[in-house]
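Participant: Construct the entire structure; sequences and hints are all you get.
The residues making up each chain are set out below.
Protein chains: 2
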Amino acid sequence: MRSVSVIGVGMSKFGERWDASFRQLVAEAGIMALKDSKIDGSAIQAVFGGCMASGRFLGQEHIGALIVDQLGLNPIASTRLEAACASGSVAFRSGIMAVASGMYDMVAVGGVEKMTEVSVEDAATALGGAGDQEWELFQGATFPALYALMARRHMKEYGTTEEQMALCAVKNHENGSKNPYAQYQNKITLETAMNSAVIASPLKLFDCSPISDGAAVAILCETSKAKKICEQPIEIIASAQASDTLALAQRKSLTELNATKVAAKQAFEQAKLKPKDIQTAEVHDCFTIAEIMAVEDLGFFEKGKAGKAIEAGETKLNSAISVNTSGGLKACGHPVGATGVKQIVEAVWQLRGQGGQRQANGVEHALTHNVGGSGATATVHIFKRA
Amino acid sequence: MRSVSVIGVGMSKFGERWDASFRQLVAEAGIMALKDSKIDGSAIQAVFGGCMASGRFLGQEHIGALIVDQLGLNPIASTRLEAACASGSVAFRSGIMAVASGMYDMVAVGGVEKMTEVSVEDAATALGGAGDQEWELFQGATFPALYALMARRHMKEYGTTEEQMALCAVKNHENGSKNPYAQYQNKITLETAMNSAVIASPLKLFDCSPISDGAAVAILCETSKAKKICEQPIEIIASAQASDTLALAQRKSLTELNATKVAAKQAFEQAKLKPKDIQTAEVHDCFTIAEIMAVEDLGFFEKGKAGKAIEAGETKLNSAISVNTSGGLKACGHPVGATGVKQIVEAVWQLRGQGGQRQANGVEHALTHNVGGSGATATVHIFKRA
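Chains as they are written, first to last, in the working numbering: chain U, 1 to 386; chain Y, 1 to 386.
Hints should not be assumed to be uniformly reliable.
[Stated by the list, open to error] Straight-line distance between alpha carbons at most 30 Å, and here's what the computed DSS-like set of lysine-lysine pairs gives:
#, chain 1, residue 1, chain 2, residue 2
1, Y, 265, Y, 384
2, U, 274, U, 227
3, U, 225, Y, 228
4, U, 276, U, 308
5, Y, 265, Y, 156
6, Y, 156, Y, 35
7, Y, 225, U, 272
8, U, 38, U, 178
9, U, 227, U, 384
10, U, 303, U, 274
11, Y, 156, U, 225
12, U, 265, Y, 225
Hints were generated in silico from the structure; no laboratory data involved.
Facilitator: See below:
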């Protein structure tokens, strides 16, 4: 299999982007990635775009064609991929396979979502389509409810506390305050998080990632070619994906995501690394309990021990492992289709030493972890400097 | 690039499948493909599923995870791809890249759509998302209207007649009458087609493909391995995809699909073949005018000459080229996400000599052509016996 590297990245500012249409978000991130890679758009041979629910949010499907049309890249091939909130990273995986196969030498991968054109109620219903429509959403179980069930069980089994969950949000807002692309660049206190409105007990407002607009783009190139045209390519040394039941009720456990565990095992084997070799990780914190489960399932902490580790500050910037330096989904924002690619943008910046005030020290290996729905899809990628 | 072959295919009966849910359609086609390939499901390493608008039709996204869940294939990777009515064939391309890259040796590709759970009006609106939502659908231009514009222009420029278009439908119903999986297995007369209700002048009811439910599955394997485990693998000797503007108004021409022309050129180059080397072609006849443009843009007939060729019977079974032996989208049905894979199922059956009453003679090379929207995406595949 040919090695594949990232040669350029870009992202729009995440947030409630009343100033920018879906198309404009694509252009904002795409042009930044092209400039960053120092290549001309005509060098791109194919595009893979992650987007979860543009049909529900905008009445627009056929997003692949829209992206190349908007970026003036016709007539190259362009395809949309969807795996709920993991849409961005599955698009990234398709880009890897396209280059690794030899079908193309250079491709662009984008992730995009424009979620604020519909009411919050309609957005929650659209997002509910990431779970089991027949067995969950139709019965009224929206995503905060599903993750609240996981949180309650994690508290019961392992003694995880609401304060520990809230501390994830405090840490992620601290990181987000240093990220100019983040939706929320304000720090919060533990009190603010703990006193916020209950959404689905035990989850409160500050345990939940927001509804966001945004886009992110990465440009991929076969590694030997990348080394010739790019100052510092970032090599993809692992790309793994796994699945689990769509409905939470059918899982063996409520306190772990098996898809994360399977994908992490495959990824660490591919990279020939162990969790301790990773310095910075972007993990899928759609809810604070998701970050707690993620750092356990990825192997950074033993199952049931992450709450205490977070309390001890072990996931803060430049601690044992720097988790969600971008601010995570919580503070950087969560335009669902864009998130998986944004995580990769942050990994690339950290490996290049371009993390600004949130740069972690001595980053040799960066990991990204993206989840679809309540864990029916999970992807793990690991990167190093080529 | 590693060679990739199809080792098994399956499809559900297409039609108004009130008897089967989305999940059941997936199982019907998937189990048939597994039986046909004589492998155990555990040999499948990843799944790629094409589906256009399950979010609009069913409130269900995250179709990749749903498919492996339904087929009992967890925890393997599973991803949904979308390119409007070309969703099935772009999923097939992702399957090819996955195997060609060496990331996987054996994968399943599915296409599925369940369109009859919503009203016809809601279905038309959902399908409109394949075009430009802002510049076309919002203004009231549904798909029959867009293709009617193309038909009117083709009539003006080349003298194509309404009778010639109707004859496509007559021919496709003739083929469909011999296909036990087709939605419509009845022959029609020219008079029936010509006297049917006007949908968007000059297109009448029998110029339009129906709203359908259905699924189709193909199992892919690296060719050298395929030869060891399969009696007659069908090798994919070309896989091409191209894009065009999303909105019809931005095209240089209304009487050709440039994406089809670009993809066809690439595909014939990859296969080192010419149009005359193809014996049977499944082309994208979402409307009869689309079949006329397709056989021109693919190079089977000169631009502007297809109407007369169809009148002369040159696309009938065992004529110059057998076009849409399955019955095409018109008679076999058009569950949008499934169509691209169904075309491949038919190509495999024709190459194996399993076309039953609709078997074409001496099939050495079969071609499939799948279009998204009004031509913003087009794919072309060419197959031969491995």
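Participant: Take the C-alpha atoms of residue 265 of chain U and residue 225 of chain Y, compute the straight-line distance between them, and say whether it is at most 30 Å.
Facilitator: holds (27 Å)
Participant: Do the alpha carbons of residue 303 of chain U and residue 274 of chain U lie within 30 Å of each other, as the hint requires?
Facilitator: holds (16 Å)
Participant: For the pair we were handed, residue 274 of chain U and residue 227 of chain U, check the Cα-Cα distance against 30 Å.
Facilitator: Judged against 30 Å, a Cα distance of about 26 Å means the pair holds.
Participant: Check the hint pairing residue 265 of chain Y with residue 384 of chain Y against an upper bound of 30 Å on the C-alpha distance.
Facilitator: Between residue 265 of chain Y and residue 384 of chain Y the Cα gap is close to 18 Å, so the pair holds against 30 Å.
Participant: Is residue 225 of chain U close enough to residue 228 of chain Y, meaning Cα to Cα at most 30 Å?
Facilitator: Since the Cα atoms of residue 225 of chain U and residue 228 of chain Y sit roughly 35 Å apart, the hinted pair is violated (cutoff 30 Å).
Participant: Is it true that the CA of residue 225 of chain Y sits at most 30 Å from the CA of residue 272 of chain U?
Facilitator: At roughly 27 Å apart (the allowed maximum being 30 Å), residue 272 of chain U and residue 225 of chain Y satisfy the hint.
Participant: Do the alpha carbons of residue 265 of chain Y and residue 156 of chain Y lie within 30 Å of each other, as the hint requires?
Facilitator: holds (27 Å)
Participant: Tell me if the straight-line CA distance from residue 156 of chain Y to residue 35 of chain Y falls inside 30 Å.
Facilitator: Outside the cut-off at roughly 50 Å; violated.
Participant: Given the hinted pair residue 38 of chain U and residue 178 of chain U, is their Cα-Cα distance within 30 Å?
Facilitator: OK: residue 38 of chain U and residue 178 of chain U at ~26 Å, within 30 Å.
Participant: Checking one constraint from the list: CA of residue 156 of chain Y to CA of residue 225 of chain U, max 30 Å. Satisfied?
Facilitator: Not satisfied, since the Cα-Cα distance of roughly 50 Å exceeds 30 Å.
Participant: Keeping to a limit of 30 Å between CA atoms, is the pair of residue 227 of chain U and residue 384 of chain U held or broken?
Facilitator: holds (13 Å)
Participant: Take a quick look at whether residue 276 of chain U and residue 308 of chain U sit within 30 Å of each other, Cα to Cα.
Facilitator: holds (18 Å)
Comparing the model with each earlier hint shows violations of hints 3, 6, 11; every other hint is respected.
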